[in-house]
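Guided by the hints, dock chain A with the ligands onto chain H, whose structure is given.
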Amino acid sequence: MAYKALYRTYRPNSFEEIAGQEHITRTFKNALKNNKIAHAYLFSGPRGTGKTTIAKIVAKAVNCEHAPVSEPCNECDICKGIDNNSVTDVIEIDAASNNGVDEIREIRDKVKYLPGLGKYKVYIIDEVHMLSTGAFNALLKTLEEPPKHVIFILATTEPHKIPATIHSRCQRFDFRGISVPDIISRLNTIIEEEHIGIETEAIKVIAEAAEGGMRDAISLLDQVVSYSDTDVQVDDVHAIRGTVSNDRLLQIANAIYKNNSVEAITVLDELVAIGKESQRLVENLIKFYRDLLIFKNTRSSEESQLLFSKPEFLSLADKASNNLVFFYIDVLNKARNDMKFTNNAKLYMELALIKMVDKVEKQEIVIEDEFSSLQRSIKALQEQLSKVESMKTEVKVIEKVVEQPKEEIVMSKEVISEAFDATQSFGTVNATPEVKQKEVVEAKEEQSEEPETEESSDLDLFSLPEEEFEEIEEPYSTYDIRLVEDVLNNGDRETKIRLNKRWFDIERYVEPEDLQYAKLISSGRVVATNGSLMIIEYPAPSTCNRMMKDEIKKKIAKLLSDFHESELDYLALPTEVWKEKSGEFLKKWKEDKDRYITLTPIEHPGLKEIKTVHHEVEDMTPDSVREAYNMFGKDNVKVRKGE
Amino acid sequence: MAFEKLTSAQPQVIQLLENSIRKDRLSHAYLFEGERGTKKFEMAQYLAMRLLCTSDDKPCGECHNCRRIKHRTHPNVYVIEPIKNTIRKQQVIDLQMEFSKTSVEPGPKVYIIRNIEKINLQAANSLLKFLEEPTSHIHAILTTENLNRLLPTIISRSQIVSFTSVPDTIIKEELVEEGYPEEASSIVSRLTNSTTDAFDIASGDFFIDVVDLVKEIYNIVNTQEESVIIYFQENSSIIYQDSETNNLFLSIMVLYQKDILNYYMGDMNHIVFKNEMNTIGSIAKVKTKNRLIDELEHMLSLQSRMNSYINKNLAYDNMLLSLEKRVSNG
Ligand SMILES: [Zn+2]
Ligand SMILES: [Zn+2]
Chain H
1 MAYKALYRTY RPNSFEEIAG QEHITRTFKN ALKNNKIAHA YLFSGPRGTG
51 KTTIAKIVAK AVNCEHAPVS EPCNECDICK GIDNNSVTDV IEIDAASNNG
101 VDEIREIRDK VKYLPGLGKY KVYIIDEVHM LSTGAFNALL KTLEEPPKHV
151 IFILATTEPH KIPATIHSRC QRFDFRGISV PDIISRLNTI IEEEHIGIET
201 EAIKVIAEAA EGGMRDAISL LDQVVSYSDT DVQVDDVHAI RGTVSNDRLL
251 QIANAIYKNN SVEAITVLDE LVAIGKESQR LVENLIKFYR DLLIFKNTRS
301 SEESQLLFSK PEFLSLADKA SNNLVFFYID VLNKARNDMK FTNNAKLYME
351 LALIKMVDKV EKQEIVIEDE FSSLQRSIKA LQEQLSKVES MKTEVKVIEK
401 VVEQPKEEIV MSKEVISEAF DATQSFGTVN ATPEVKQKEV VEAKEEQSEE
451 PETEESSDLD LFSLPEEEFE EIEEPYSTYD IRLVEDVLNN GDRETKIRLN
501 KRWFDIERYV EPEDLQYAKL ISSGRVVATN GSLMIIEYPA PSTCNRMMKD
551 EIKKKIAKLL SDFHESELDY LALPTEVWKE KSGEFLKKWK EDKDRYITLT
601 PIEHPGLKEI KTVHHEVEDM TPDSVREAYN MFGKDNVKVR KGE
Chain A
1001 MAFEKLTSAQ PQVIQLLENS IRKDRLSHAY LFEGERGTKK FEMAQYLAMR
1051 LLCTSDDKPC GECHNCRRIK HRTHPNVYVI EPIKNTIRKQ QVIDLQMEFS
1101 KTSVEPGPKV YIIRNIEKIN LQAANSLLKF LEEPTSHIHA ILTTENLNRL
1151 LPTIISRSQI VSFTSVPDTI IKEELVEEGY PEEASSIVSR LTNSTTDAFD
1201 IASGDFFIDV VDLVKEIYNI VNTQEESVII YFQENSSIIY QDSETNNLFL
1251 SIMVLYQKDI LNYYMGDMNH IVFKNEMNTI GSIAKVKTKN RLIDELEHML
1301 SLQSRMNSYI NKNLAYDNML LSLEKRVSNG
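Heads up: the sequence lines are chains H and A, in that order. In terms of the working numbering, the first sequence opens at residue 1 and continues consecutively. In terms of the working numbering, the second sequence opens at residue 1001 and continues consecutively.
Just so you know, the hints here were simulated from the structure itself, not pulled from any lab data. Please note that the accuracy of each hint is not assured.
Claimed, not checked - Below, a list of computed lysine-lysine pairs in the PhoX-like style, where the Cα atoms sit at most 20 Å apart: (1) Lys-1129(A) x Lys-4(H); (2) Lys-319(H) x Lys-579(H); (3) Lys-1289(A) x Lys-334(H); (4) Lys-1287(A) x Lys-258(H); (5) Lys-4(H) x Lys-1289(A).
Just chain A, with the same shape it has in the complex:
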């Protein structure tokens, strides 16, 4: 199956498109709407292949047509992307010219406009006329990450298809397939709903270091063999690289903390740091549920206000101090 990942990421969209074709109810204009990394463009290409594939099992992804669509060389499939953050009138005119040329092959024609919210007014006007007069074999697929910023006239002329964020299980699978370790894949899959972002995070320079830092912090919290604050001061320089790493650190702290809470609740299935089960378990034993929730919420609020903190060190010290506390000593 060439499109297994696409199908498992957006089963509803596949069902909508497949059944629409089967019932001869394909709309002449679709508006694919959803967050970054929800495979909107892949889906647009899928639909183009579905319409132009020459194999029996459509779309095969391998026939001449499918391959040309994938490599963006098929004359019947025209892709417009913003140039310098704007889609201009000339791009829409070029599209219309291209589709009127004889070089176009017989069969359906598909145009895909990515980030349609970036279209300027003149271009939108030309496009609207094109959308207004649907020709039987021309299909429009517009994609956007921000439905609210679209002209109402564009919205009302197309069928909106909402792309849901990709479930973490699927993101994890994809990372594992790409050769990332199990634990790292689990962690990343809980940090983002976007496949695009997931690969960025997993391949980031400091990802592994930050994960190790978090593990060591909790390890010390558990053994109490040294002061976690002193350890942190000596070993945390990487998280001050940039605000992203800083945020990554807090996000992973949150995950670990959530694991302890999960353990406390007896919810072993949801534990992300499976290799750290011993540490997680023994911390859970010396905390109360409310305590764990408080600590977690403290981290979350720290995360949302991180950029406004002048003294991050102090904020972190406070956080770590509270982690060290146990039921017996308050």
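Next up, chain H with everything else stripped away, as it sits in the complex:
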């Protein structure tokens, strides 16, 4: 006896059995019961989400001997006849293999004849977007005046390829990818019925791997059951899919973290020897590190992935800094791109693993991490100081900077240039530091001891009453703090989690010409949102400047809105600024939880177009100094009077 594929055996026979498309099944059940059937439907959605299955159920329900019914009885001669394809009133056409005008003309010619057995002739046209233009025109003619006894159900994975004239004549249903829990519950039904022995974790891996497609999930289950020696284990699923298990990924990640590239390459060798491809591995590793980032920064235990429960994963999440993980992802992304054009993917993979343990770069990142925490404490100190001093003082200092005719750039030790190199490793800073180490005059300690505001003069030119400042501030500027306030005061955690979950998938969604934008998007992450406005964090200020450029921003906001299917806008902030502002918010919020919390303006030398009063004054800073600010960060550059 020929073996029958599980997805055929378990193709749902009723709306009740359909997983995950409640919004569609409910509508149909009501319409069927009340005999309110349209003459043309357009089903759109990813493959394996139930489009043709639902079409078949509709075809049975309208023709069932017991009609009007909300579900087909599946018992009567007509229902059974439709199931075994012996009823000629239900015509299934696969446009992928019949894209000719002739087939559609034939439909047009035959459409006028009354159905033989049932009440309706149902034409199910799958992959309808593959029809030729001629065929579409022929179909349109039929759809314009469909006979009462005819129902068209058009199904497609690519609705945007269907002419608007067809769209407008159909009632449209959007099929969604099926959620992991829905897939799991359907798989469990099959597993029970078939008496399949399988690890719970393996079921979860299958469901996660199917990416919303029920048929893919069932087919994968089918295949692993055939493959496994006894009960199905997680490794069987990985073997069939060519993916790498979490344990192996953790092994590599830990070796990398310990700076042992030889050990990491040994694991790579073992994986290659059991048939894993480097291309697959690099994808899996990138996803691993992205999950690590998401976990580190959201601690999302709900929707928890299998990975998030592993102790090694948790400890790695504690140890590895954001910057370090960003660096890893950066190296891996480059390797992934390079691999596309080579037949020696493994070499690129090895090279990536070697670069990831690059001690020099890593040290720079560690120093940068330490440095930015140092900077934060300086900032905190300054804030305390400025609380003590009046607004006047600040203005005076700024004024003083403007007055100085000759400057000499002085900066702290090599820490700065190293920090600079580290940011450069993100590929976002383009300039090279011109200033050599011999020119370094002052040491870092001095900077931490004395805040920049030390020399205040008594000049009072800019001392204006506070209200007048507010007036000038009116229009929203690029990095307006009021936007940040809005997002933080109206934080929408659900949306943030939802966005982050699919955040990195955008690279797979966009057209090739937009890939650069998608890459830009996925090199950052959403740290907060109010549902429509997001704050996206990037390690380097220069990336934020790019993201906030008018034309880029328009483009990216559109890509994001399309991809996440909701109107989205964003503000791109560098890590430093985000940490500072979220810290400030939290502190103030703890003090008073009922108030709308306002924050101090965003000040960061690397950010462009901050149109506050403060900035306008600063803008008069000589170019040489501004350039130094941009390169090294304002905090690292001190301006002194010339000799």
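Using the frame of chain H, we list chain A with the ligands on its own:
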């Protein structure tokens, strides 16, 4: 063991097929998908033999049935290949006719369609009907190097079996067995994941010469007894034969360079040019890790852009110049 190589190259596929037979879960249509040289057709023949072999240890590869399958003379095993790059409707009709003939022997029937992505629409339609109505004793095996170019309807009617690229260790073994020297086999096994391609490269006219050229370049880089650029200008004519040789040269340069990096990292196991250990070691001593990585990446990028270079000579001179630099002199 007649199928040892097949088993070590695609252990997952063998396990899938063997367990499917054992559990009576054999699919009526398989789609074997994977790169060139991943033994898809051998596997298809393996499955046919497995189903028709008369020996106890199936498949034996030696019984009358197995031998006829191997020589493509078994009436129950029908192979379709593209003719002039296309699989046509007549070929599918012939297949159906053949299987309905009485000359077919009892037992399972297997048809194998190679490069199924080359099927035209009419042929696909006939085939789909055939695939739609699975008969208990007919098994379809379709093979493709390009899953993305297949009709979704063909994909959805068959069980996809992915063939992974063959690990270098196995490619090396096969080359050594065929009598290629150890070092050459190692080198080739790192250049391709396809057994078919591996034999092409190893038996290529200029392979040995190119390997020697690369070795000599690094030898001079090490001793610095003469100018590597002048040596290269005088001895590199072979690599300009055609773009393949040119590419081969760069690929082998990359391997050698990677060896130096491996040495630097203390990863002796991965060194391909084992006979050159002295040279590799002393070059590694006068370089920094970043320097080695930079040089390697430079070669890789040169390789990927080679075809667009108008002046290959200049590109190579630059590459060689950078190799000559040592830590002490920059
Ligand atoms: Zn019925
Ligand atoms: Zn035999």
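Consistency of the hints with the structure:
1. About 16 Å separates the Cα atoms of Lys-1129(A) and Lys-4(H), which keeps this hinted pair within 20 Å; it holds.
2. This hinted pair checks out: Lys-319(H) and Lys-579(H) have alpha carbons roughly 18 Å apart, not beyond 20 Å.
3. Note on Lys-1289(A) and Lys-334(H): the hinted pairing holds, with a Cα-Cα distance of about 19 Å set against a maximum of 20 Å.
4. Note on Lys-1287(A) and Lys-258(H): the hinted pairing is violated, with a Cα-Cα distance of about 24 Å set against a maximum of 20 Å.
5. In summary, the hint linking Lys-4(H) to Lys-1289(A) is not supported, as the alpha carbons are separated by about 57 Å, beyond the 20 Å threshold.
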